[in-house]
Amino acid sequence: MNNCLFCFCLLSASFSAFSQQNRITGKIRSAEDSTLLNGVSVSVKGTRVGVTSDKDGAFNINAKGGSTLVFSYIGYNDREVKVGSGNYMSVRLSAGNNNLNTVVVIGYGTQKKKEQTAAISTISGKDIVKSPVSDATNSLVGRVPGLFSQQRSGLPGDNGADIFIRGRASTNSAALIIVDGVERQGFGDIDPNEIEAISILKDASSTALFGIKGANGVIIVTTKGGKVGKAKVSYSGNLSQVRSTELPQFLDAYRSAFLHNEAEENLIKYNLVPPGYKKLFTPEDLETFKNKTGDPLLYPDINWYKALTRPSWNKTQHNLNFTGGSRMTKYFVSVGYLFEDGMFKEFKTPSGYKTTPTYTRYNFRSNLDFTITKTTTLSLRLAGRLENRYSPVGNQTQGNLFNRQRGGIGGLVSRITAIPAWGLPFFPEYTNPTTPEMKQLDETYNQVEDIGKLGVNTFNPYGLLKRAGYVTTDNNAIESVFVLDQKLDQLLKGLSAKVTFAYDAYISGGRVQTGSFAGYELNRATKALTVSRGSFEDALNAPGTFRSGYIKTNLQAGLNYNKQMGDHNITAVFLGQRELRGAEGAQAPFANEGVVLRMTYNYKSKYFFEINGSYNGSENYPKTERYGLFPAVSGGWTVTEEKFMKNIRFLNYMKIRGSYGLIGYGNVGGTRFLFLDEYSNGGGTTGTGGGLTPINNQAQFGNPLSLNNNPVVWHSKAGNPLVTWEKSIKRNIGFETNSFNNRLSVNVDLFDEKRYDILLPKNNSAPAVYGETQPFSNYGENSNKGYEVEVNYHETKGNWKYGFNAQITHAENKVVRTDEPLNLAANLKNTGYAIGQFRGYQFIGFYQSLDEINKSPQSRVGTQVIPGDLKYQDTNGDGIIDDQDRVAIGNADIPQNVFGIEPNVGWKGFNVSVLLQGANNVSANVQFDGNGRNQYYEQMFDRWTPDNPLNAKWPVMRTGSTGGNPSYVTNSFLLQNAAYVKLRNIELSYMLPKVLLKKIRIESVRIYFNGQNLKTWTKFVGLDPENAISSSLGTDVGFLNNPVFSYPVTKIYNVGLNIQF
Amino acid sequence: MTFPIKLFIFTIFVILTSCKKEFLQRDPGAPITSDNVFSDPVLASRFADNAFNYTLDDFGRMSQGYKGTTGQFCDEAIASAAADSYPFVSVITTGKLLDPTATDVAGVYTRMYQGIRNVNVMLSKMDSVPWTSLQNPNLIKAQMLFLRSMYYFELVKRFGGVVLLDKAPGLADNIDLPRNTYDETVNFIMKDLDEAEKIFTTEVFTLPSGLVYSPDVDWNELTLVPPPAQAKSSSNYGRPTTGGVRALRLRLLMLDASPLRNPAGTAAKWRKAADAAKVIINSNRYSLLPNYSALLNQSSSFEYIMIKVRGPRSFGGILSDFIVPPSSGGAQGLLNPTQNHVDLYEMNNGKAINEPGSGYNPQDPYKNRDPRFYSNLIYNDLTWQTRKIQMYDGGTDYQPAAASTTRTRYYCRKLWPEIYKGGTTQGVLMNFIFFRYGEVLLNYAEALNEADGPISDVYTYVNQIRKRAGMPDLPTGLTKDQMRARIHNERAVEFAFEEIRWWDLLRWKDAETIKATVNAMNVVKTATGFTYNVVPLPALYQRDFTPRMFIYPIPRAEIDKSNGIMKQNDGW
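One line per chain: the protein sequences are S and U, in this order. Heads up: the first sequence begins at 1 in the working numbering, then just goes up one per residue. Heads up: the second sequence begins at 1 in the working numbering, then just goes up one per residue.
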């Protein structure tokens, strides 16, 4: 449809041109695969004469000899060819993004790149499928300027990247996702083969139309439509091998026991353990571990990670699609299948469930466009999705099933990582038992637990994997969009009307079955095993199930106006939209409605002026405060259209643009209806375990043996009748240039943002004497500013084709006003620092002796310090080191700078592209402590000892079980620099020569190898630096086994095949 | 017009006409508003009942709901993991009272003001609720006043003078308020208590059934002898009555008369406290439960003045995760009585262990002790849950490598009814007692001794306590100082693990005892028996106490929030 509009303009333009000219004919092909290109616009430079190529790639145009023809086509670089003496031309266009006539999808419409005054980046579907990932969010990483991302987990079905557009201006930083013109909750689960292009809207001008939802930027995904031409069948299949990018290095039993022994010696030496403390290992034990001669029951040496996980696993993806169309009907029909396996070994379980998590997805899409009458088109976008996520339930018994999947695996991984090699025995030969005798051995010898050595809650991880049960969840979605477009030229030339209706239905369901398993205690003297906990219930408990779903409707209706009057070009979009999204459970649905207006004007494609605005509202606010006005203005000046620029030959194009506007953001961390003041009736009942009565509990009186639980009424929500949305004032200035015959393009954007009226509670700033939590109010303020630079270079020379895309983005945010006590010490204030800035103790050296400890300010951090512990700065100089001495250390938990560079080279059918992507000015507090379970890691060998007093890379050894380790709190010594450069993506492809294929009636065959996250260069130790970015900025060092980042991020090696019939 | 144009116009029409229906009015159905609550006497009285939820009503409460007692701040016990990953005790014992994780400081401060708000909102609405004959607004008012006194008492006991509020502040009100003085706070509490007492002692009303109902008596119906012919209100057992009001007043007056708040030792203050105790004694409502060891496990008792009513506990929470160690099937045995506490138990002949002629044998230290020793403690070689406790090096019950087992070689029996072991589901009552008669007696004796010296009444009431425990009377002829020492010792033993010791030591300004080296017992198994050695615990378990800690600091955040108006306590 977009093409039609665009063609329409060109065609009408062509009638106005008349001169004495030659008739030029020719054919246009793609430079890569020689396919004939249909719909390429061909125009005579400097005139308005233009035509488009037909389905055989042929064109026919009148042009003067010596004039220049400009060929432009979506997704290809513009090409200019001088008209010579001949009347026939064979033109090859190479793929690229520099085309100024490219039609870009923007909010509620489309716009040619050269007409844009807003900051918008696009990425084509072709680039997206280069990344063999299951979640399309990962394909954007490193390819779009202004986009920050973090992929924190590798769990199948839950491994998408968090995306922040232009960094973070508020703690609520999720971008708005629009798919085919309609808001959706995400796009990661769309089959990447269905995606035509993604636009990232970044500034006020492009996002103002989304008003109350737009302030964090907008990601617009457009799916593929049919193209006029004969039916094409395209199949692509991918087979991937998946591995973890980085794993912590566990020590073998001897080395781990050696460190534990040293740790215990330190504690004894400094009187930190009670009298009579017996070390866990005797020198003979250590010797036995060293010689590996011990009884494996008494002297295990198990790398639990290796024991339970496999080095690699598979992922497969298939897509089959049909595309084609006539003047009347165009279609794109696609079916996709994805299967992603998980890292755990497949153990035979007594109750028959699988022990490895998996993700299975079926995608279906049917995009149809009908030309009903000369003036009427109807488009239909119908998509369906069936997703299944399966996992062993691991160690999470509460919460909804989706959280149990995530948390359960996290709990399982945390048990695995926590257990030192000497901790528990494991006999792989007893696993997958085939005889009752073996089953008996498996159930006892592989189920040992040891609270004494490893601390509480150290369940046997093999038991958790094999007997704790499983959880499976299904997610089904139907998403449909109907668009009716009616030209209304008979009313007013250039006017058309458009109605969009979207209807989405989501159903999710799931099942969990848990089992219990016994823990055995080992008597070291007799080697007898006795049950210490639980029992085996190999028949899993009765399943728990859930089913939930909601429906979403969206209606948009409006008018488009498109008029050219001499040198004046005017367009306008005016529409109203409303959306109703059901909520899961008994909550009220989400609703929003409003009107949007865009007016653009340009003079001779030289001076551009644009107004965007919306007046919209949401159900989330009080009646009087529901609607807001969000206006933006923008302008552009194509300098190269000026006469005085014509002499600068190398510069083909230069535009300066700027925008300014006000946008809102209304979704505050899931808390709704903050204006309502509410009381609740009822109350919980005290658990029988005791402890302080929880607040809002039923009041208990009467005979304790026959209690009266009296319901209570409590003030459950303090309402603020004036609550409103976050607001953002955004400014943007951009420079775009194309030069050297459009081979090089450079775009630069400078932006800043003031985010204010941020909704915050007054938890930290209101005195407690108030007696309850004060309602949220709009008082927070943040600022964000930065720049983006993007450079594109593409060159075609004979059979060679090469170029690169490079980009760098810098965004720095600052908290201007937030929920902090008025007189908080300056070193503790977040104000003035970035959102997510780490704060901790400043390391100033190691305590070298007891004498030094005694002479230093008194440490109140954790337990008593001993020589070799980290010495911290007494920031406030009060002679005591405590939490008041913490200062900003390192950076924030998301990067300040990201960059990507993607060079590519092609020769005939071969093509290679390599994407390097990196980030810096980012910190992570994940470190390797034993978390109470006595695990030790490789890097601890560089510990402080009296013999290594100055260059130690780790504080003095203490046992994991003494906790409260003063050195294991967030501090500048242990905080890691999480900057990295990744070989994010690589693709080698080969297009089979046409001549070979013609005989078997295959249009094209492309085989490729690609990979994702293949290599990481970083100073970060132990885990993938993205994986390790903690979501908690607390005072403790992030535990390695925190569920948030426990499932390693993966690298993917993929081979694929693409066939077109 | 063509069909599509008609369709378009029709659609626009539909959108425009549907706009009237308040498309954005989606907030959840019918929320209960303030007006709903206070125009409905049932809802209003439920709102009043919610104010009970802010009491400090269980033993373990410093962390994760059920871990950490105040006894672990002083000489009564330590937390085996005090220094480990559970900082809920070490934060106090190492003097980090300003740390935001110090729940007994910042947590209690916040919780008490939440309770006070609930009370104040209720009091301000009393007149607007259309009460019926099923409610008695005066009784609700009396309970609210009692709770407010209790919350302010918890504050004044910790912080001294605090911000006094008799109305719930509104959003627009300035809440950066200066603290009231200690005296103003005490007077404020006294006034509330007087008013509450007046209502409780006089309020009598007739139920719709015609029954005459006197809450002060009838709410204690479970303890009435003989039981009433017609039940009136046993379902209200556990609500405060005159006894509760008076017991709270007595605690306040004891605090006010003690060295911490009465440095000059003014006898009048002590006499006031003694009088307050005597009123309760003279009411003849209460008596001592004969069996000391079953003190916490009664559904009702004449000794209970007010308890937290709570059903039988199952094995979980405070029991399995705080009291019972892995060796007995629990997860963590974090409450470890100290040797210092053990040494306070006299021999059953009434002599202290270090007294000549006591008969104490350091190599058989658990023999012939005050019977309360056997009720309160679990020690080496005790037969417990059908087996012998092995506290010796290498014994099942002493595993010092594990963070969650005893460091002192004792566990607390008072809070560990014997039926609780791993794998069982049985439960019994283990009541948290707000006030019991035993405390009134020892308060009386203490106050009387301070006011008038060791007169016979002092002996009478201390001996009542000792007699119940199975101990001989105090020797006669004690000086006032000796008597004070005996009463202090008696309280430590009698109220062990009942959340009283720490507050006693603070009001007595007994830094020596709090700071004293914390000892453990070293037990070694020999061929013939055991050897016992008292040893100091590692520095980790020792107390870092300075005099400023007698009065807690206002939470640092509260000072930081204030624009210089809220002043910190001296020394902090």
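If you are wondering where the hints come from, they were derived from the structure by calculation, not from laboratory data. Fair warning: there could be bad hints in the mix.
What the hints assert, rightly or not - Taking lysine-lysine pairs in the PhoX-like style, the calculated list, with each CA pair at most 25 angstroms apart, reads:
1. Lys113/S x Lys829/S
2. Lys480/U x Lys269/U
3. Lys125/U x Lys717/S
4. Lys278/U x Lys480/U
5. Lys279/S x Lys113/S
6. Lys278/S x Lys278/U
7. Lys269/S x Lys717/S
8. Lys278/U x Lys527/S
9. Lys167/U x Lys717/S
10. Lys829/S x Lys278/U
11. Lys96/U x Lys515/U
12. Lys279/S x Lys525/U
Everything numeric in this text was worked out from a predicted model, so none of it was measured.
Verification of the supplied hints:
1. Lys113/S x Lys829/S: 44 angstroms, violated
2. Lys480/U x Lys269/U: 17 angstroms, holds
3. Lys125/U x Lys717/S: 19 angstroms, holds
4. Lys278/U x Lys480/U: 20 angstroms, holds
5. Lys279/S x Lys113/S: At roughly 72 angstroms apart (the allowed maximum being 25 angstroms), Lys113/S and Lys279/S break the hint.
6. Lys278/S x Lys278/U: Since the Cα atoms of Lys278/S and Lys278/U sit roughly 55 angstroms apart, the hinted pair is violated (cutoff 25 angstroms).
7. Lys269/S x Lys717/S: Violated, at roughly 54 angstroms.
8. Lys278/U x Lys527/S: 64 angstroms, violated
9. Lys167/U x Lys717/S: Holds. Lys167/U to Lys717/S sits at ~19 angstroms (cutoff 25 angstroms).
10. Lys829/S x Lys278/U: Since the Cα atoms of Lys829/S and Lys278/U sit roughly 54 angstroms apart, the hinted pair is violated (cutoff 25 angstroms).
11. Lys96/U x Lys515/U: With a Cα-Cα distance of about 15 angstroms, the restraint between Lys96/U and Lys515/U holds, given a limit of 25 angstroms.
12. Lys279/S x Lys525/U: This hinted pair holds, its Cα atoms lying about 19 angstroms apart.
Hints 1, 5, 6, 7, 8 and 10 from the earlier list are contradicted by this structure; the remaining hints agree with it.
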